[in-house]
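Read off the chains here:
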Amino acid sequence: MSRQFDALILGAGPAGMSAAIRARALGLEVAVVDEQPAPGGQIWRDIERSTAHGRSAALGSDYAAGAEVVAAFRSSGATYLAETTVWQVEPGYRVYIRRGNEMSILSAKTLLIATGAMERPVPFPGWTLPGVMTVGAAQILLKSAGQVPDVPVWIAGNGPLMLLYVNQLLDAGGQVAGILDTAVRANRWAAVFHLASALASWDELVKGIRWVSRLRGIPVVRGVRDIEAVGESKLEAVRYRTENDIDGAVTTGILLVHEGVIPDIHLSLALDCRHDWNEVQQCFVPTLDEWGQTSMGGVFVAGDGGGIGGARAAGAAGEIAAYGMARVLGRLTGTAAGAGAAAPRRLRARALAIRPLLDTLHCARRQVTAPADKTVVCRCEDITAGTIRAAAKAGARDPNQVKAITRCGMGPCLGRQCGAIASRIIAETLGRSMVETGLSRVRPPLRPITMAQLAALGDSKT
Amino acid sequence: MSSHDFDVVVIGGGLHGLSAALHIAREGRSVVVLERAWVGRHASGASAAGVRTLGRDPAELALSLEARHMWHAIAELVGDDCGFHSHGQVRIAESEAEIEKLERRVALIQGLGYRHEELVDRVELRRLVPALAPHCMAAIVVREDGAADPHRTIIAFRRSAEAAGVVIHEGQGVVAIEQRAGRWAVRTSADAYVAPVVVNAAGAWAARIAAMVGDDIPLGTKTSMMIVTERVEPFLGPVVTAAGRALSFKQTDKGTLLVGGGRQGIPDLDRETSTVNLQEIAASARTVCELFPGVSDVRVARVWAGLEAITTDMVPVIGPSPQAAGIIHVFGFSGHGFQLVPVAGAVVADFAVRGRTDREVGALQAQRLMVQRAAA
Numbered sequence: 001m002s003r004q005f006d007a008l009i010l011g012a013g014p015a016g017m018s019a020a021i022r023a024r025a026l027g028l029e030v031a032v033v034d035e036q037p038a039p040g041g042q043i044w045r046d047i048e049r050s051t052a053h054g055r056s057a058a059l060g061s062d063y064a065a066g067a068e069v070v071a072a073f074r075s076s077g078a079t080y081l082a083e084t085t086v087w088q089v090e091p092g093y094r095v096y097i098r099r100g101n102e103m104s105i106l107s108a109k110t111l112l113i114a115t116g117a118m119e120r121p122v123p124f125p126g127w128t129l130p131g132v133m134t135v136g137a138a139q140i141l142l143k144s145a146g147q148v149p150d151v152p153v154w155i156a157g158n159g160p161l162m163l164l165y166v167n168q169l170l171d172a173g174g175q176v177a178g179i180l181d182t183a184v185r186a187n188r189w190a191a192v193f194h195l196a197s198a199l200a201s202w203d204e205l206v207k208g209i210r211w212v213s214r215l216r217g218i219p220v221v222r223g224v225r226d227i228e229a230v231g232e233s234k235l236e237a238v239r240y241r242t243e244n245d246i247d248g249a250v251t252t253g254i255l256l257v258h259e260g261v262i263p264d265i266h267l268s269l270a271l272d273c274r275h276d277w278n279e280v281q282q283c284f285v286p287t288l289d290e291w292g293q294t295s296m297g298g299v300f301v302a303g304d305g306g307g308i309g310g311a312r313a314a315g316a317a318g319e320i321a322a323y324g325m326a327r328v329l330g331r332l333t334g335t336a337a338g339a340g341a342a343a344p345r346r347l348r349a350r351a352l353a354i355r356p357l358l359d360t361l362h363c364a365r366r367q368v369t370a371p372a373d374k375t376v377v378c379r380c381e382d383i384t385a386g387t388i389r390a391a392a393k394a395g396a397r398d399p400n401q402v403k404a405i406t407r408c409g410m411g412p413c414l415g416r417q418c419g420a421i422a423s424r425i426i427a428e429t430l431g432r433s434m435v436e437t438g439l440s441r442v443r444p445p446l447r448p449i450t451m452a453q454l455a456a457l458g459d460s461k462t
Numbered sequence: 463m464s465s466h467d468f469d470v471v472v473i474g475g476g477l478h479g480l481s482a483a484l485h486i487a488r489e490g491r492s493v494v495v496l497e498r499a500w501v502g503r504h505a506s507g508a509s510a511a512g513v514r515t516l517g518r519d520p521a522e523l524a525l526s527l528e529a530r531h532m533w534h535a536i537a538e539l540v541g542d543d544c545g546f547h548s549h550g551q552v553r554i555a556e557s558e559a560e561i562e563k564l565e566r567r568v569a570l571i572q573g574l575g576y577r578h579e580e581l582v583d584r585v586e587l588r589r590l591v592p593a594l595a596p597h598c599m600a601a602i603v604v605r606e607d608g609a610a611d612p613h614r615t616i617i618a619f620r621r622s623a624e625a626a627g628v629v630i631h632e633g634q635g636v637v638a639i640e641q642r643a644g645r646w647a648v649r650t651s652a653d654a655y656v657a658p659v660v661v662n663a664a665g666a667w668a669a670r671i672a673a674m675v676g677d678d679i680p681l682g683t684k685t686s687m688m689i690v691t692e693r694v695e696p697f698l699g700p701v702v703t704a705a706g707r708a709l710s711f712k713q714t715d716k717g718t719l720l721v722g723g724g725r726q727g728i729p730d731l732d733r734e735t736s737t738v739n740l741q742e743i744a745a746s747a748r749t750v751c752e753l754f755p756g757v758s759d760v761r762v763a764r765v766w767a768g769l770e771a772i773t774t775d776m777v778p779v780i781g782p783s784p785q786a787a788g789i790i791h792v793f794g795f796s797g798h799g800f801q802l803v804p805v806a807g808a809v810v811a812d813f814a815v816r817g818r819t820d821r822e823v824g825a826l827q828a829q830r831l832m833v834q835r836a837a838a
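Heads up: the sequence lines are chains A and B, in that order.
Quick note on my numbering: the first sequence kicks off at 1 and runs consecutively.
Quick note on my numbering: the second sequence kicks off at 463 and runs consecutively.
Bound conformation, chain A alone (with noise of 0.2 angstroms):
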């Protein structure tokens, strides 16, 4: 493949496939990039076979919404990448790609990373035995698979996607043993404040009171903290105690954890795009102009990989960042970008409306985002907290530093799961803010690759 393209999306959902649509619509030569077989992305994932199989109903009027904008991409004429995995981008922009066992690398003027947003990790003792898997991770199986638990469920954790799954389960005909709810409980109070400005996204906060009211019947422990996996070789139990100090234990094979989402920046930190830290959502977030275009010109974030907002702001964003593409190519002028961008922008505004609410009613408790010592953070090569905190002590101030006295981040998952928690370590011990510690150094392949795969590349034509 040897064009070169106007703009390169990466990521089929909300963000992408809005970006593309408009983008075509603009004339620009578009090719979109994505992991999944089908366009969607995680929120509509599989959705134009669910919709054939009547199984959207299921998982809610959101869901079956996304039909009508994957429709619309199919036929924007875009050149559609599905099955393809990113392992690597450069500057210039060259971006390798990998579809089966065939390698090769596309070119583009501009790049738009609408790769969404990832579970934030939870490390918790116990957090690695076979049996505790992510809310995230079941979603997945129910949508793609409609693989629902044979046995109720115990979840702990907190925020929209948990109610979303906890919705959808039930519609499948699934059983919730219990919720333990981790959110802390003054940040409810806090969380008042808000409301009034989250009046603007008004359906949405209907959206969530139908969610929250199917708890109804579910036995739910509110202010939960210490969460504990107990088992010989797979889960047997989860202990815990709350913010009232009562300690409690329940019996379960399984137990499903989620602690909100975070932007997935893997892809801005390869390019070394400039970050700056969310300090309410506790995480990194790529520094955005209005177009959405990030430090680096020509690369563009849209989506919850800039920051958490959710599938309508995405699609808005998405539409805004195609006319910050057109301009920079020259196809628009900056009057008329900004006339075709002023709608997406009202659209998204409101529908960041209800975040400030959302984000301090379900900010990460300290415990999830730097764990006490004994926790492993990183589990591919077993590195405790303690001993991050250790080398941060003894006087480790960088995360490269860090990861390579204690290994940390050096496994396959390559940092993404242990990357932040380990700079959050380091900057808590030594005092310094998250921008200061910074994460570390990303390296490819930011996929898995095989050793016969990158041998491949070589054959491979740009």
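Just so you know, the hints here were simulated from the structure itself, not pulled from any lab data.
Predicted, not measured: the structure shown is a model, and the values here were computed from it.
Don't take each hint at face value.
[Said to hold, decoys possible] Covered by chain B, per the in silico footprint, the following chain A stretches (three or more residues, Cβ under 8 angstroms):
id : region
1  : 403-411
2  : 444-451
[Stated by the list, open to error] Now the in silico label distances, taken between C-beta atoms and shown as ranges:
id : chain 1 : residue 1 : chain 2 : residue 2 : range
3  : B       : Asp467    : A       : Arg432    : 29 to 39 angstroms
4  : A       : Ala372    : B       : Gly676    : 51 to 61 angstroms
5  : A       : Ser433    : B       : Asp467    : 30 to 40 angstroms
6  : A       : Asp226    : B       : Asp732    : 47 to 57 angstroms
7  : B       : Arg649    : A       : Asp276    : 28 to 38 angstroms
8  : A       : Glu236    : B       : Leu527    : 54 to 64 angstroms
9  : A       : Leu430    : B       : Gly575    : 53 to 63 angstroms
10 : A       : Arg432    : B       : Ala537    : 34 to 44 angstroms
Quick reminder that beta carbons are idealized off the backbone N, C-alpha and C, glycines included.
Dock chain B against the given chain A, drawing on the hints supplied.
Coordinates of chain B only, in the frame set by chain A:
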């Protein structure tokens, strides 16, 4: 004596700087190490950590053999075995022409009186490296060679140096070196240090430091790339190199596979970073797949590159500046400095403390590179 006065200032907190500092401090001298980033940031931390005498240039062979003895007792020097294992190194031949090349090599060093390199046939090679593709015909073996763990080695040298009284300042890059009343004043981004002796162990940036004291020593930059994989079951003991290919391949204690061999990435000395050239590293992966078909499906975990200096004759500079009294250079290891770490520091200590060495380093003096430039 103020807190900024030392007997020796060492510029560069890589393994060679740490080793020099350790040896000098053990002779009772006060030493400060000035490191611009953090200890082991560049070549030391990016090293494949091969402990290899096999194939060494005669100019550095005596030192390399002494270093090998030191590696076999490395815990005596730094209190830790540094993850060193003596599983041997082999250099394979895949054709008659390559066998002849290896035979000539063995004859060369036997002519110099060395017997450590041993030519083995296909049967012995298969016994040593069962996973190797069957077309490989013969090899040179050095059974007492091996490999270590670079990060453990950095930690061990750092701790030993600090235990010996060495002061290490990280985050202090040297910006100027001036003569002041018969001593050297070394200014960093943050402070200034004064000493009669300054060791230039600045790796990829050593030519810039040398220029600060008036030594014009031409150096290139080496940006050797490495591949590390996920962990797999142990199947490989020795480090494998090849007569006809750019390759170094080993399995670490952790079970990961490490692929090096000198394929070059893209250096950026000013930004103090390097970028991997993926098309180039793909060639290394292909070599591994051809020689070890069993690893084709092993997942690559990371690819990286390190920065260091390379000389025109591929052997290092270890010795005093030819014109600036009190300056001692130790750099330019050209992609094979790790094994020399324990001994190079001892040589530097010889010069720093006694002004001379009995070790064989005549061919490693800076003059040889500077004369060439004058003639050019």
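We went through each hint and held it up to the structure:
For a cut-off of 8 angstroms, the count of residues in the region 403-411 of chain A with a CB near a CB of chain B stands at 5, and the three-residue condition holds. With 6 residues carrying a beta carbon less than 8 angstroms from a beta carbon of chain B, the region 444-451 of chain A meets the three-residue requirement, and the given coverage holds. Take Asp467 of chain B and Arg432 of chain A: their Cβ atoms lie about 31 angstroms apart, and the range 29 to 39 angstroms holds. A beta carbon spacing of about 56 angstroms between Ala372 of chain A and Gly676 of chain B agrees with the range 51 to 61 angstroms that was offered as a hint.
Remark: the range hint 30 to 40 angstroms for Ser433 of chain A to Asp467 of chain B is upheld by a beta-carbon distance near 35 angstroms. About 49 angstroms separates the C-beta atoms of Asp226 of chain A and Asp732 of chain B, a value consistent with the hinted range of 47 to 57 angstroms. Roughly 34 angstroms separates the CB atoms of Arg649 of chain B and Asp276 of chain A, a value that falls within the hinted 28 to 38 angstroms. Range check, Glu236 of chain A to Leu527 of chain B: about 58 angstroms between beta-carbon atoms, so the 54 to 64 angstroms window is met.
At about 55 angstroms, the beta-carbon gap between Leu430 of chain A and Gly575 of chain B stays in the expected band of 53 to 63 angstroms. Judged by the Cβ atoms, the range 34 to 44 angstroms given for Arg432 of chain A and Ala537 of chain B holds: they are separated by roughly 35 angstroms.
Of the numbered hints listed earlier, not one is contradicted by the structure.
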